[in-house]
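Visitor: One letter stands for each residue in the lines below.
Protein chains: 2
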Amino acid sequence: MFLEKINSPKDLNQVALSDLPQVADEVRQAVLNRVSIHGGHVGPNLGFTEATVALHYVFDAPTDKIVFDVSHQSYPHKILTGRAKGFIDAQSMDAISGYSSPAENPEYDNFEIGHTSTSISLASGLMKARDVMGGHENIVAVIGDGSLSGGEAFEGLDTVSELGTNLIIVVNDNEMSIAENHGGLYRDLRQLRETQGQSPLNFFKSFGLDYLYVEQGNDVLQLVQAFRRVKDTGHPIVVHIHTEKGHGFQPAVENKERWHWSMPFHIEDGSLRDQSRGGEYMPLMLGKWLREEIKRDPKLVCISSAVPAAIGFGPEERKAAGQQYIDVGIAEEEAVALASGMAKRGAHPVYSTYATFLQRTYDQISQDLAVNGNPAVINVIGSSIYGMSDFTHICFFDIPMLSHIPNLIYLAPTTYEELIAMEAWAIRQEKRSVAIRVPEWGVLHTDQEVDKDYDEINKFKLDHLGSRVAIIAVGDFYQKGLKVKQLLAARGIDATLINPRYLSGVDEQMLQSLESGHQVVATLEDGSLDGGFGERIARYYGPTAMRVINFGVRKALYDRYDVQQLMKDNHLLDEQIADDILAVLDKA
Amino acid sequence: MFLEKINSPKDLNQVALSDLPQVADEVRQAVLNRVSIHGGHVGPNLGFTEATVALHYVFDAPTDKIVFDVSHQSYPHKILTGRAKGFIDAQSMDAISGYSSPAENPEYDNFEIGHTSTSISLASGLMKARDVMGGHENIVAVIGDGSLSGGEAFEGLDTVSELGTNLIIVVNDNEMSIAENHGGLYRDLRQLRETQGQSPLNFFKSFGLDYLYVEQGNDVLQLVQAFRRVKDTGHPIVVHIHTEKGHGFQPAVENKERWHWSMPFHIEDGSLRDQSRGGEYMPLMLGKWLREEIKRDPKLVCISSAVPAAIGFGPEERKAAGQQYIDVGIAEEEAVALASGMAKRGAHPVYSTYATFLQRTYDQISQDLAVNGNPAVINVIGSSIYGMSDFTHICFFDIPMLSHIPNLIYLAPTTYEELIAMEAWAIRQEKRSVAIRVPEWGVLHTDQEVDKDYDEINKFKLDHLGSRVAIIAVGDFYQKGLKVKQLLAARGIDATLINPRYLSGVDEQMLQSLESGHQVVATLEDGSLDGGFGERIARYYGPTAMRVINFGVRKALYDRYDVQQLMKDNHLLDEQIADDILAVLDKA
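Protein chains in written order, with my numbering: chain A, 1 to 588; chain B, 589 to 1176.
Looking at chain A on its own, in the form it has when it is part of the complex (with noise of 0.2 angstroms):
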C-alpha cells in the first residue's frame, strides 16, 4: 500500500509515474472510507482524486502554494498532506475538517475556504505579493463543481489576467454543481468540451488567458502530462480538466446531486447507516408548505441559489413547479437582485438560502433590494446554534447583518404557524423587503391562534403578563424563554413573555410599559450578542432604572463545536440563564 509511505508530497515524488493510477485508487479508498464512516463531501472529491494526486505529483508544495475553491474538494490533498490518518483510521476522522484549513496544516493549506469562488482572488493575491517581492514558485488555483458561477470568481479571472504571470487555473468541469448547473457560461463549457476544447468561442480566452484542455480529467497519467506543460509558465493559464463527479463510486455518479455530501452510509449499496433520522424539520416543512402555495399563487417562485435541497426542492419537486422555480447556480448576488426586480414587476419572489452564504449580498439586500423597498422574501436557513457548525459555514451571525439594514424587515417566527403566517403575509403584501429567519432548533407546534397580518411593524407580542422578571425570547428561543419560565415560576417568579417577532427595530410602547412592574428585562436569542437583538434593547432602557441582562453567543470564530458545550460557555443552559436572572434580580 502506497498510502503507508506518503506523509508528504515529497513521499508522493518517489512514486514511479506507472504506479500514480494505483495511488489514486487508494486515495479515492481513503476519501469513501471516510465519508461511509464519519459523512462529507463525497462527489466532488472522488471526481478530484486523480487531479490532486498529479498535482502533488508536479508541483511542488508548499514551495508551490496550491489553492482550493470550496475547498470541499480537498480531501485528496489532505490525505497527501500528511493527513491520511484522518482518513483511515475511524478514531482519527474529527481531527481532520472538511476543508482546506491552515489551522489544522499551515505549511500545506493555504486559506481557511469554506465558501466558494473565492480561489482564483485568492490566488490573485499569492501571485501579486510574489511579483512584489520577487519570488518564483507556481501558484495553482483549483476552481469547480460549480463554483465559477459565482462573482467573485470573474473578478478574479479579470485580474490575474490584468497581472500576466504565472498562475495555473485548473478548472475542475465535472458538468455539476451541487445540483446540476446554471447559466449561459456552462453552455460554453459544454462546447469545449464537445470540441476537446478547440472552439474559437472560450469563455476564458476572451478574459486573456491561456488555455489547456484535458478531456480525461479522471487519467492521472494524463493530467501529470498536462501540468508538466503548464509548470513554471510565466505567464495565466487556464487548464479545463473534465472529470467525472462521483467517479468510482457507482451510487455517486448515478446520482450526482444526492452524493454531493452525505451522512455515513455502507460502502456496498450506498444505504445510510443511520435510517433512523428524520422527523420534523422546520425548513424542509416550509418549502413544502411553499409547493403548495405555488399551485395557489401563480406569481409565486421560488428562488435557489445552487441549495434547492436546503428547502426540500428535489429534482421532481423542481420540476413540478416548473416556471415557478429558478436556481441561478452559485450567484447569491443575482439572487437578491433577480427577487427584487422580480417583485418591482409584480411576481412574488421568495428566495431561500444558508445565512453563511447569504453573507455575500449583504450589498444586494442593501441596495439592491431594501432601498427601493421592493416586496421581495428572503428566507435564512441555519441560523442557530444548531446549524452548522463549520469553522466557515457558521450561521449565527445573521442578525447583526441583517437587522442594521435601513428598511429591511427581518421577522423571527416561534412556532410553525407563525413562521406559515408571516411566510403567507410577506408573499401577499406588496410595500416592504422581508426576510424571515426560519427556526431551525427543532419545531415548536402551537394550538393558539396566530396573527396573520405583520404590518404593524415592531410590534411585539405580549404572550405572559408576570411581574419583576420580563423575558422577551427570540425565535426558536422562544422555547427556551418558556422554560426559563417554568424555571423562575418554581423560585416563586411570574415572569413576563414576550414574542418580539421584529429583529429589526423594537417596540418601545411595549418597552416602556414594562418599566412599571419589572425590574429586569432579559433576552435571549440563539445568535451573536455582539450587534444582536438583545443589544438594541439595552440601549432603549440605557437611560432607565431598567436592569437588562442579554442572552447569546459571544462573538469569535467557531468551528465543529459540541452544541452543549456551547451553551455551557454562553450561559445559555436553562438553569443558568434562570440563576444569572435572579442574581441580576436580587441586585436590582
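Treat the hints loosely; a few may be bogus.
[As the list claims (entries may be wrong)] What the simulated footprint calls covered on chain B by chain A, stretch by stretch (three residues with Cβ under 8 angstroms from a Cβ of chain A suffice, anywhere in the stretch; the number is not a length):
(1) 711-718
(2) 795-805
(3) 912-919
(4) 922-934
(5) 956-969
(6) 989-995
(7) 1112-1119
[Said to hold, decoys possible] Rough simulated footprint, nothing fancy, chain A against chain B, three-plus residues with beta-carbon under 8 angstroms:
(8) 591-600
(9) 616-622
(10) 695-701
(11) 1041-1054
(12) 1123-1129
In short, the hints are calculated from the structure, not lab data.
Virtual Cβ for every residue (Gly too), placed ideally from N, Cα, C.
Following the hints, put chain B in place on chain A, whose structure we already have.
Guide: Relative to chain A, chain B alone:
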C-alpha cells in the same frame, strides 16, 4: 428649442428622426448647464446622451423598462422624462437627484441605483417576472463606464443567457472606468472595437448571448437603427456601443478621469467656480503618508477598486507607486481577496475605499480575510454624516457592518497623528486583519504622544478621569466629546473622557472601573445607533446600576440631508447632548 416641448418620451416620438441630433445637442447642453452650476457626473452623461435619446425614441417607456447601471449616467434620461427643469433652471436643481429614483419618478425610473454592476441582474428579475406573469415589454439594461467588471454583472449575464427571452443589454463602452479600465475583459472589448465586433473571441457570445456592435456610439441615427433591429427580440442580446466619455465638452474629453465627476465649474474653460476649497482632508493626508511609506516599505502595496482619488492617487501618484499600486477596477470582492492573499504571502496590502462600496465585500472580509486572520489593512473612507449624502451612497452604516465580524479589528482614530500611528501599526504587524475608520469630519491634531502599538486589543484610552459622567467618544466624534465635556464643565460637572479606539470590542476592565464614581456613561459615534458601538456599551452595563445614553444616528433611509438638520433631529448638537446627559444624570 425641442426640449421645451419634450415632457415625456411620447413627445420625443413626435420629433422627426432627422431632428434627433439637435435634440441630443440640447440634452447635452442641459446636462452641462446643470453640472456646471450644481456639480455632478459629467463625462458619463455626456457620453451617453445620444444613446439615451435613441433608446427613448425606439423603446416605449414606461411600458418598456430601461434599467440604468450605476445610474450616474441617467441625467439625459431624466431630461427626457419630465425632469428637464432640474437641468435648465438653477433654482430647481436641488429637487433632482443624481441617480435614477422611483421616489422622484415612479413611472420611468425603475430602481434606486447608485452602486455599480447591478442593471443586468435587476433586469433579469423584470424579465423573469414578465415571463411568468405574461407580458411582452422590452427590457433594457444599460451597463458600462467600467461597471462591467463587478461580479454581480457577470452573474447577471450568466443568468439572463439561461432565461433566454427578450432582454437588451446596452454596453456603454467608453474605454474608461472612473479612472482607466482594469482587467483582462477590457482587452476583449478593445479587440471587439478594433474588429468592428467581428472578433471570433467574444466575451458576450461565450455566455451564449447574441451580439451587435455599434462603432459610432455618439451618432444618434446609427443608434436608432441598431435599437430598432433589436427591439422585440425574442432572446437576450448585447448591443455593444463605442462612445466617447465626455463627448461634446472638450475639457472632459481631454481629461476623462478629472471629469468623471465635478464640482460646479465655468463652462468656458472648465475652471472650478469655487477655488477656495482645499485645506486639510484626512483621507488625502493618509494617501500622502502612504505614498511616503511606499518608499520606505518595499512590501507595501496600495489597492484601489476604481476610486483611487479617494486617497489622492491621481495619475502621477499611481505612476510613481509603480508595482506598489494596483487598481482592480470596479471589483471590490476581488480587492479584499487580493489583499488577503497578498498578506498571506508576506506583502503589506492596504485597500482603501468608501464604506458604501465596501458593503460589496461583507463576505470577503468575513471569510477570505478575517477567518484567515491575514494581516491586510482596509481603510474605510467617508464613514460619517459628513460623507456622501446621496440615497445610495450613505457611508455611516459601517460600524454595524464591520464591528461584529469575528476576528476583524476595527479601529477608530481621533486625530491625524493617531490615524497614522494606527495605520503604521496595522501595516507592520503580522497577526491580524485590521480595518481603520478614516475620520471624515475635519482634521483634529494632537501634540500629545500617541500610542504606536495597538497589540493590546480593545484597550480603551482614558484621556481624562473625572466623575459622575463618562463620555466615550468614538473617532471623529472625539471632537464633539471634547466640546460636550466643556459644556458639562460649565455646568459644574467634571466629566471623564475616553477615546475607545477599538470599535470591534470593549475594554471590560475600564468599563468596570467606571462603575465607581460615575452614574452615567454617554457614547458618541458618527454613525448608526442600531448595531453601533454604543449598544455594546449599553449591553455591558445592562445588568448594573449604570445609566447609559447612546448618541448616534437613527436607522432610516437618508437622502441629501442637511447635516445640521440631521444633527438636530438626532440630538447630536453639542448642547442637546449635554442637556440629554444631564437629564439622565438627574434621574440616576
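Visitor: Of all the hints numbered above, which does this structure not satisfy? Sort the numbers upward.
Guide: 8, 9 and 11
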